[in-house]
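There are 2 protein chains.
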Amino acid sequence: MQLIDGKLVSKEVRKSIAEEVTKIIAKGERAPHLAAVLVGHDGGSETYVANKIKACEEVGFTSTLIRYEDNVTEEELLNKVIELNNNPEIDGFIVQLPLPKHISEEKVTETIDPRKDVDGFHPQNIGRLTLGSPTFVSATPQGMLELLKYYNIATNGKHCVVIGRSNIVGRPMSILLSQKREPGNCTVTVLHSRSENLKEICRQADIIVAAVGVPEFVTADMVKEGAVVLDVGTTRVPSNETKSGWRLKGDVKFDEVSPKCSFITPVPGGVGPMTITSLMINTLKAANKEIYK
Amino acid sequence: MQLIDGKLVSKEVRKSIAEEVTKIIAKGERAPHLAAVLVGHDGGSETYVANKIKACEEVGFTSTLIRYEDNVTEEELLNKVIELNNNPEIDGFIVQLPLPKHISEEKVTETIDPRKDVDGFHPQNIGRLTLGSPTFVSATPQGMLELLKYYNIATNGKHCVVIGRSNIVGRPMSILLSQKREPGNCTVTVLHSRSENLKEICRQADIIVAAVGVPEFVTADMVKEGAVVLDVGTTRVPSNETKSGWRLKGDVKFDEVSPKCSFITPVPGGVGPMTITSLMINTLKAANKEIYK
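The listed protein sequences correspond, in order, to chains A and B.
Going by numbering that gives the first Met the number 0, 94 is the number at position 95 of the first sequence; the sequence numbering is gapless.
Going by numbering that gives the first Met the number 0, 128 is the number at position 129 of the second sequence; the sequence numbering is gapless.
Treat the hints as calculated values from the structure; they're not laboratory data.
C-beta atoms are modelled at their ideal positions from N, C-alpha and C, and glycine is treated no differently.
Don't take every hint at face value.
Below, simulated DSS-like cross-link-like pairs (lysine-lysine); rule was C-alpha separation at most 27 Å, straight line [as the list claims (entries may be wrong)]:
hint	chain 1	residue 1	chain 2	residue 2
1	A	106	B	106
2	B	288	A	100
3	B	292	A	106
4	A	198	B	223
5	B	179	A	292
6	A	198	B	198
7	B	252	A	223
8	A	106	B	284
9	B	26	A	100
10	B	242	B	6
11	B	292	A	79
12	B	79	A	179
13	A	288	B	14
14	B	242	A	106
15	B	288	A	198
16	B	106	A	284
17	A	252	A	148
18	A	292	B	6
19	B	6	A	179
20	A	223	B	198
21	B	79	A	292
22	B	288	B	10
23	B	179	A	100
24	B	26	B	14
25	A	179	B	106
26	A	106	B	10
27	B	6	A	288
Computed far set for chain A versus chain B, every beta-carbon distance over 12 Å [as the list claims (entries may be wrong)]:
hint	residue
28	0
29	26
30	59
31	71
32	205
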């Protein structure tokens with residue numbers, strides 16, 4: 000059994016991004032520039048955005064943080080989005096979700112210029128993903144593809160079972176892995192809460208992507224000997240052993256599943272560390288105009 | 000075994016569209032209006048477009064056919080698309096594919112206003128389909144959903160195997176059937192040319208969507224007793240028995256597969272007759288502003 004080390008891969012990818020930024024600056028061009036819009040003071044969102052800004056510093060990007068209080072109007076926020084769309088100094092930007100209830104997340108997402116949508120949430124970019132065209136792939140699926148690449152995990156012709164059909168993880172991952180590319184060319188099955196014979200189908204999988212959001216959902220009896228398991232779960236469960244009073248639990252019962260696996264991601268330290276790195280990849284692509292010419 | 004009669008369902012759906020058009024006109028509003036742009040004189044395209052115009056007449060839509068010779072420039076065609084986008088008298092329009100090689104189909108498709116894209120080929124509409132948002136679903140998948148609805152075929156929790164991952168049939172159908180709706184909520188597996196254990200996986204299917212483009216690809220040994228089979232194949236094969244010298248062959252070996260099925264679509268007369276009817280459904284939705292408010 001080989002542990003997939005997301006921290007290591009993340010570090011390697013960030014190092015190579017930093018090297019590219021150095022080259023860009025050596026050519027006399029400006030560094031890639033990511034802006035982040037944060038509304039309110041949600042603890043999770045604060046941490047995510049702070050880590051994104053920190054990652055920018057690490058790879059040499061310029062970053063700008065724009066803050067609003069919870070009572071910002073939808074119109075004000077949309078005007079800011081339009082301003083960022085039109086600002087040639089900004090290569091890409093994100094509006095951290097969730098937003099307060101009086102603001103339509105859909106409207107905000109659809110107002111972002113697809114060319115600057117480094118989160119990959121705009122329907123046009125999701126359409127391009129579905130069509131197999133160049134696009135900004137959202138953070139978690141892109142992170143998993145990077146892990147598969149780094150560890151040279153064979154996917155061609157393999158049966159991948161994705162548990163969960165969410166728009167930001169299960170759905171895009173299932174599409175990406177079944178497309179004609181490397182990693183890809185998998186036979187892909189999408190399982191979800193309504194699926195019959197779920198365990199039986201899981202047992203056929205060469206690769207399992209667990210993105211169901213239920214701690215320890217995947218047990219040893221659902222996993223074939225030698226399978227590759229990617230665990231996207233990050234549920235906070237109470238714990239006496241940590242200062243914070245909680246710890247992260249994955250969707251996979253790690254202790255009993257891992258001995259059967261050829262490769263498995265731990266939680267934490269597997270898929271998680273890759274997500275912000277994926278945002279850095281997309282920001283670099285936006286700056287280089289790799290997706291939209 | 001019950002034969003799924005696409006001609007019958009198509010007729011019923013068109014009848015109900017015609018009734019709605021009558022009501023629209025009775026209210027003093029204008030009839031829905033579809034425009035079709037046809038470039039060159041490809042025999043298949045001529046027939047398709049002629050049938051679309053005929054279908055418009057049948058349901059009471061206004062239709063406009065715009066023709067160009069093969070040597071039309073990309074710029075001229077794009078200007079026409081922009082003109083149609085801006086023409087308030089046109090509810091929806093299609094540019095018949097394929098286009099001559101000197102014109103980028105991608106550019107043309109992406110220039111169509113998503114609100115008038117009744118073919119459902121614009122990346123934004125495909126993105127909405129992927130996200131489960133209201134959208135123009137392209138003709139073949141939408142036709143199959145209508146057939147499943149008409150025959151009250153249970154899909155919830157069932158295992159649907161889609162053979163083929165094309166952007167206009169296999170991919171969207173696989174996404175639609177795995178989403179939380181009715182028909183839908185299937186466990187969906189996408190199989191393709193690189194899939195290992197293809198026959199074995201097919202045998203597990205409660206529903207098979209054959210969209211691989213290879214005549215008689217699906218044989219009796221690949222089909223479970225009681226399965227539902229939707230055959231999207233329409234390959235022309237030489238025939239001595241027809242005046243034209245060819246006949247349509249599906250992707251399913253009908254004679255040996257059909258006795259095992261609970262429901263099956265014949266070729267011709269199954270999925271085929273539904274496609275133009277789906278375009279009529281989308282045009283009505285565009286006129287009623289059901290997708291984009």
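Taking each numbered hint in turn, which are not upheld by the structure, reported in ascending numerical order? 5, 7, 9, 12, 13, 14, 15, 18, 19, 26, 27 and 32
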